[in-house]
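Student: Could you put the whole structure together from the sequences, leaning on the hints where they help?
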Amino acid sequence: MRPSARLAVGTIALLALTGVFYLYTQPDFLVQLANQVWACF
Numbered sequence: 018m019r020p021s022a023r024l025a026v027g028t029i030a031l032l033a034l035t036g037v038f039y040l041y042t043q044p045d046f047l048v049q050l051a052n053q054v055w056a057c058f
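Residue numbers (the working numbering): 18 to 58.
By construction, these hints were calculated from the structure, which means they are not laboratory data.
These figures come from a predicted structure and were not determined experimentally.
Glycine is no exception: its CB is placed at the ideal position from the N, C-alpha and C atoms.
One should not assume that every hint holds.
Stated by the list, open to error - DEER-style ranges, computed between Cβ atoms: (1) Q53 to A30: 37 to 45 Å; (2) L50 to S21: 17 to 25 Å; (3) V48 to S21: 40 to 48 Å; (4) A22 to F58: 39 to 47 Å; (5) F58 to R19: 42 to 50 Å; (6) A25 to F46: 22 to 30 Å; (7) I29 to A51: 22 to 30 Å; (8) W55 to A33: 19 to 27 Å; (9) V54 to A25: 29 to 37 Å; (10) L31 to F58: 32 to 40 Å; (11) A25 to L50: 23 to 31 Å; (12) A56 to T28: 16 to 24 Å.
Tutor: This is the structure:
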């Protein structure tokens with residue numbers, strides 16, 4: 018894999034992980050997620 022492609026993949030992965038971390042620090046999001054999971058049962 019070319020170095021520029023590795024850098025692009027790493028940057029995208031880092032942005033995705035940062036976004037997920039931000040969402041998990043929001044209590045309202047966690048409550049909504051729990052309600053959606055519970056609604057499946």
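Student: Within 16 to 24 Å or not, the Cβ separation of A56 and T28?
Tutor: violated, 35 Å
Student: Is 29 to 37 Å right for how far apart the beta carbons of V54 and A25 are?
Tutor: holds, 33 Å
Student: Against the range 37 to 45 Å, how does the distance between the Cβ atoms of Q53 and A30 compare: consistent or not?
Tutor: violated, 25 Å
Student: Is the distance from the Cβ of L50 to the Cβ of S21 consistent with 17 to 25 Å?
Tutor: violated, 36 Å
Student: Indicate whether the distance between the beta carbons of L31 and F58 respects the range 32 to 40 Å.
Tutor: For L31 and F58 the Cβ distance comes to about 34 Å; the hint holds.
Student: Is it true that the C-beta distance of I29 to A51 lies inside 22 to 30 Å, as the hint says?
Tutor: Given a distance of about 28 Å, which is inside 22 to 30 Å, the answer is holds.
Student: How does the Cβ-Cβ distance of V48 and S21 compare with 40 to 48 Å: does it lie in that range?
Tutor: holds, 41 Å
Student: Do the Cβ positions of A22 and F58 conform to the proposed distance bound of 39 to 47 Å?
Tutor: holds, 42 Å
Student: That 19 to 27 Å hint for W55 and A33 (C-beta), does it hold up?
Tutor: Cβ of W55 to Cβ of A33: about 26 Å, so the range 19 to 27 Å holds.
Student: Kindly confirm whether 23 to 31 Å is satisfied by the beta carbon distance between A25 and L50.
Tutor: Holds - the Cβ-Cβ distance for A25 and L50, about 29 Å, lies within 23 to 31 Å.
Student: Given a hint of 22 to 30 Å, does the C-beta separation of A25 and F46 actually sit inside it?
Tutor: holds, 28 Å
Student: Per the hint of 42 to 50 Å, is the separation of the Cβ atoms of F58 and R19 within bounds?
Tutor: For F58 and R19 the Cβ distance comes to about 47 Å; the hint holds.
The earlier numbered hints that this structure contradicts are 1, 2 and 12.
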